[in-house]
Amino acid sequence: MNITDPDIRLGALRAKVRFPAVAGMFYPEEPRELARVVAGFTAAAAKFAAQPRILVVPHAGYIYSGAVAGRAYACLKKHSGTIRKVVLFGPAHRVYLNGLALPDADLLATPLGEIPVDKSMAKQVLQLPQVSINAEAHAQEHSLEVQLPFLQTVLEDFSILPLVVGMASIRDITEIFERLRHEKHLLIVISSDLSHYHGYKEAQRMDTATSAAIRSFNLDAIGPDQACGFVGLRGGLQFAHSNGMWVVELDLRNSGDTAGPQDRVVGYGAFAVYADRQFTELQKCQLLALARASIVEGLTNSRPVPINPDDLDPALLESGAAFVTLKIKGQLRGCIGTTQVEECLARCVAMNAYNAAFRDPRFEPLSADELPQIDISISVLTKPAPLQFSSETELLESIEPGIDGLIIESGAHRATFLPEVWDSLPMPGDFLKHLKIKAGISPSILPDKAWRYHAVHIE
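Letter by letter, the sequence shown follows residues 1 to 459 in our numbering.
Wrong hints could be hidden among the right ones.
In the SDA-like style, the derived pairs of lysine to any residue whose C-alpha atoms are separated by at most 20 Å in a straight line are [unchecked claim]:
(1) Lys85 with Ala122
(2) Lys284 with Ala50
(3) Lys201 with Arg292
(4) Lys327 with Leu299
(5) Lys329 with Glu459
(6) Lys433 with Glu409
(7) Lys85 with Ser120
(8) Lys123 with Arg181
(9) Lys119 with Glu175
(10) Lys329 with Asp369
(11) Lys438 with Lys449
(12) Lys78 with Val248
(13) Lys329 with Arg292
(14) Lys449 with Phe389
(15) Lys119 with Asp106
(16) Lys329 with Ile458
In short, the hints are calculated from the structure, not lab data. Since the structure is predicted, the reported quantities are computational estimates derived from the model, not experimental observations.
Based on the sequences and whatever the hints tell you, model everything.
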């Protein structure tokens with residue numbers, strides 16, 4: 001074959017193909033063996049049923065990090081037919097690069113077949129000054145290539161936008177996210193290893209701290225010493241945080257755990273970013289039991305139930321905001337909560353269950369006779385995202401009926417409607433009008449500020 005560019009060869013139909021550079025080194029070159037290995041790595045069941053919006057995955061040789069990456073890609077198996085487009089970010093290891101680079105190719109090839117480069121998305125991002133076409137940046141780059149067989153295994157028909165990331169700012173990355181945010185059936189994959197070449201215990205300490213920083217969106221704690229793909233990772237986390245998303249750690253190990261010596265290891269983490277906070281069935285049951293226990297404690301001792309961390313899943317001890325709603329035979333009996341994130345979600349639920357039962361000013365305190373009739377539901381909120389608007393029409397266009405909760409504020413007046421209020425007020429104009437009334441704002445006045453959020457409903 002004739003090599004016409006550093007990473008391109010011409011196929012039979014004259015399509016430009018970026019052929020594998022590290023097959024046989026980072027992963028098996030023989031197709032059946034590669035398929036077998038990747039299928040084994042992705043065999044684990046997904047922790048949550050929802051589709052992740054973003055995955056963070058390692059990119060070492062499969063013998064070292066393949067099992068960790070597989071935990072993330074397993075999350076996609078139930079969504080193989082709905083994900084049609086993938087944007088892949090990976091750090092430049094082979095060349096110095098300013099900005100981000102697309103390949104000069106129509107197809108990316110692996111031993112499992114070819115993946116088309118998404119020309120529509122490429123056209124959109126090439127309008128940004130930080131994005132260019134650079135064949136050399138892709139020629140020997142493994143951080144993107146090692147992800148492709150995983151995607152080919154867990155997805156059906158899809159196209160890809162592969163971006164090698166060089167010197168770039170957080171804003172350079174988030175502009176790409178913003179440019180593509182309205183693409184349907186889209187998945188973002190951020191390729192990054194964690195700490196490099198420390199002893200086993202030091203790597204564990206560093207990577208545990210980095211995982212905490214990723215899950216809490218502490219961008220300042222994530223630099224080149226923490227993650228080689230820190231540029232793309234920080235940009236992805238900034239976008240996720242500003243849109244109220246939630247990060248879950250799926251796996252955290254290092255090469256000393258998988259296939260290497262422990263004196264000089266590389267860290268690997270797998271993370272999934274969801275549009276809403278995710279809970280297992282056990283976690284949901286624990287929150288509902290905690291809310292009911294707090295009401296019982298209020299009836300017997302006039303206080304919320306104390307939190308015993310040993311009795312709860314550790315995820316429930318993380319920060320969060322929640323509302324607790326009480327109903328009897330379908331009729332509201334109390335609802336109190338907060339849109340502000342508190343230090344401990346479990347404590348937030350316990351306090352608001354107590355407040356909904358005994359301190360909602362619209363109702364008399366709950367009686368012991370009513371306790372057996374009470375139905376409890378919990379709404380766990382995402383971080384409110386501020387809305388930009390100059391008219392009521394623009395405000396209404398900024399929210400999604402049936403999905404978004406809304407907070408409005410004018411001066412000292414402030415109120416919120418949870419997403420479930422759409423059930424009784426399905427028209428956006430009515431939804432906003434009644435929210436203004438709740439806040440004590442004239443229906444004719446445009447709010448000064450507004451925020452939207454999502455809520456996970458547990459009942």
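Consistency of the hints with the structure:
1. Lys85 with Ala122: Answer holds: Lys85 to Ala122 is near 12 Å, not above 20 Å.
2. Lys284 with Ala50: 15 Å, holds
3. Lys201 with Arg292: Between Lys201 and Arg292 the Cα gap is close to 42 Å, so the pair fails against 20 Å, i.e. violated.
4. Lys327 with Leu299: At roughly 17 Å apart (the allowed maximum being 20 Å), Leu299 and Lys327 satisfy the hint.
5. Lys329 with Glu459: Roughly 14 Å between the alpha carbons, so the hint for Lys329 and Glu459 holds.
6. Lys433 with Glu409: 13 Å, holds
7. Lys85 with Ser120: Within the cut-off at roughly 11 Å; holds.
8. Lys123 with Arg181: 15 Å, holds
9. Lys119 with Glu175: Answer holds: Lys119 to Glu175 is near 18 Å, not above 20 Å.
10. Lys329 with Asp369: 14 Å, holds
11. Lys438 with Lys449: Holds. Lys438 to Lys449 sits at ~15 Å (cutoff 20 Å).
12. Lys78 with Val248: 18 Å, holds
13. Lys329 with Arg292: Satisfied, since the Cα-Cα distance of roughly 17 Å is no more than 20 Å.
14. Lys449 with Phe389: 9 Å, holds
15. Lys119 with Asp106: 8 Å, holds
16. Lys329 with Ile458: Holds. Lys329 to Ile458 sits at ~18 Å (cutoff 20 Å).
The earlier numbered hint that this structure contradicts is number 3, and it is the only one.
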